[in-house]
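Protein sequences appear in the order of chains B and C.
Counting with the numbering used here, you get residues 1 to 330 for the letters of the first sequence.
Counting with the numbering used here, you get residues 331 to 632 for the letters of the second sequence.
In case anyone wonders, no lab produced these hints; they're calculated from the structure.
Ideal Cβ placement from N, Cα and C applies to all residues, glycine included.
You can trust all of the hints, since none of them are fake.
Listed below are several chain B residues computed to face chain C (Cβ distance under 7 Å; list not exhaustive):
no., residue
1, Val-21
2, Ala-138
3, Phe-142
4, Ser-145
5, Pro-147
6, Ile-150
7, Leu-268
8, Ile-286
9, Val-298
Quick list of the computed label-pair ranges, beta carbon to beta carbon:
no., chain 1, residue 1, chain 2, residue 2, range
10, B, Ser-223, C, Leu-463, 32 to 40 Å
11, C, Arg-527, B, Val-139, 43 to 51 Å
12, B, Leu-249, C, Ala-528, 34 to 42 Å
13, C, Ile-367, B, Phe-79, 47 to 55 Å
14, B, Gly-129, C, Glu-462, 40 to 48 Å
15, C, Arg-527, B, Val-116, 45 to 53 Å
16, C, Pro-543, B, Tyr-318, 31 to 39 Å
17, C, Leu-463, B, Tyr-69, 19 to 27 Å
18, B, Tyr-318, C, Leu-463, 21 to 29 Å
19, B, Gln-87, C, Asn-544, 55 to 63 Å
20, C, Ala-528, B, Glu-238, 45 to 53 Å
21, B, Arg-5, C, Gly-370, 50 to 58 Å
22, C, His-348, B, Trp-92, 56 to 64 Å
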Amino acid sequence: MSDFRRFIAKRLTVSALLTLVSVTIIFFVLRLLPGSPFETLITTGNLSPEQAEEVFALYGLDKPLWQQYLVYLKNLLTFQFGYSILQSRPVWAILGPKLANTLILLVPALVTTAVVSTAVGMYAGWNRGSTAETTSIAVTTFLRSTPVFITAIFLLIAFSYTLGWVPAFGMRRVTATPNGLLDTYLSIDFLHHYLLPFTVTVLYYSGDFLLLARNGVVEKKGSEFLKLHRAKGLTENEQLVRAGRNSLLPVVTYFALRLGMIFQGLILLEVVFGWDGIGRALVLAIEQQDYPLVQAAVFIMALAVIVMNLVSDVLCAYLDPTVTANGGAA
Amino acid sequence: MSTGSISLRERITSRTEHIWSHLRFLAGDRLACAGLITLGVFVFLGVTGPTIAPYHPIEDYVRTAQGDIVRLSAPSMDTPLGTTEYGKDVLSQFLAGAQPTLIVGLLGGVGTGALGFLVGLVSGYFGGWVDELLMRLTDLTFSLPFMPMALLLLTFITPNVWLITAIIISFLWKMPARVVRSEVLSTRERTFVKSARASGASHLRTMFLHIAPNVLPIGFLYTAYGVAWAIAAQASLAFLGFGDPTTTSWGRMLRMVFESGTIRIAWWWVLPPAIAIAAVTTSVFFIGRAYEEMINPEIQNQ
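All chains should be modelled from the sequences, with the hints used to inform the complete structure.
Structure, rendered in structure tokens:
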């Protein structure tokens, strides 16, 4: 157990350091690049030099860079993201609901694709060389290699523009004014808008899970323990369940990794579908040079990756003792 | 010295034969074969596209005999792929748009493969603090989200093809680096490497002449994937409006049709670039898959 503890301690330290370095890079990239949202206001005469100085002081932009950096670190680590420059509202009040919108789309979709694609992948690996295997691999290869917004455009053309089954844009009807959580996420109208983005997400991520599961089962197929099971007289399906169970480790760790990276992967999806999530908010904020918003959104995305990386490593070490035995080098 | 050069020549010959046998294998796999043909067409378009395009993709307007600009017309005899909302010829844009896609894909892929291969090789071969440092660096590039960081950089620096390629490489090299490193770790322990070291081969020689050839296949594989990733990344950036504003690329065409709000009607404008990008990235992956089956004995032995 001490090996395991040492492993955890090492990964925790590394993750903390990574977070620090990432936020530092984000800070300096944002500050050292030219241009600020105030410049346009000043040059167009909407903001007099005195007013500009007041605003600068308000946002702490008149202090030396290192002081700004320290304040920024302190604020980020206490999750105080400051005020949006253009919307004059706390960043968290803007990003919070958008984060919820993103998660409500991504998490169910990722879970669905992980379960379904893994099952299909195991079946495909078990029936190596069958038409089912070749077809499923060809289809998912297409889905995972094509940029997600292109798959989205194909489906939009088919199901929205041509057949008119689902709406093409947004999360709900323009006139809808939902009250409360239930009304927001459980109405028929929402479901109607949800279907297509959900399907695209499921399809886009199906390939990786399918291949992992399939390769796992293929590798296990010739192994000794399956020979034993066959000798014991288990049916094909019972054998497959046992082979599948033993090849789940990469699937589980990959799921954790994917969950961390998913915010960034679906920026495009949110833009295409007009889904009011954090990715779309980030693109808009970058276009409007709304630094505090950009900073917070990028920070959340980076943090998600680091945390889920850690979770994946720990899961992997927990489920497979040989990982900690070699110091977690691999 | 002479023995050394002969063995080197032999090594090169056996390597070329090896590569030929790989290509023959790929041609035997139906999907990979289709992929190779698609890529061939793509490279051809990328090289000749701008010269065979009937109109200039950005400057020329398609006009009627009366001189009116033809906006948003469906495919016809004069314009086989129709015209855009802005009165440009879709076919010309499509042909010209292959070039930046090819450049970014090829350079981005090769750059990703080469940089990742080197980092993985050095990291795995030397181990110790070198390994620790390089692997933490890959961790860092994993945790800095690619899309947001790329968008940020591209808002402040005017995008051009080379800059986009550089950004893509600087974020993608981590993938091959990790895989190559773990391959090197197992190769390093094999007897022929130890005997090379024992007979006095330098670190550089051992790394590049004894270890590198054995991990080269996986390097090639990730170079291929790198090409697909680079094309996808470039198209995505262009679609979000962060592409090179002076050239036409397939991603930019999709951006224009989406932005103009005519995506609902103008299928002739949407489908060519969308299908082309999907076809190219999928082809690369089909070839990669077949190649992976070939070089991964654990999957192959059945």
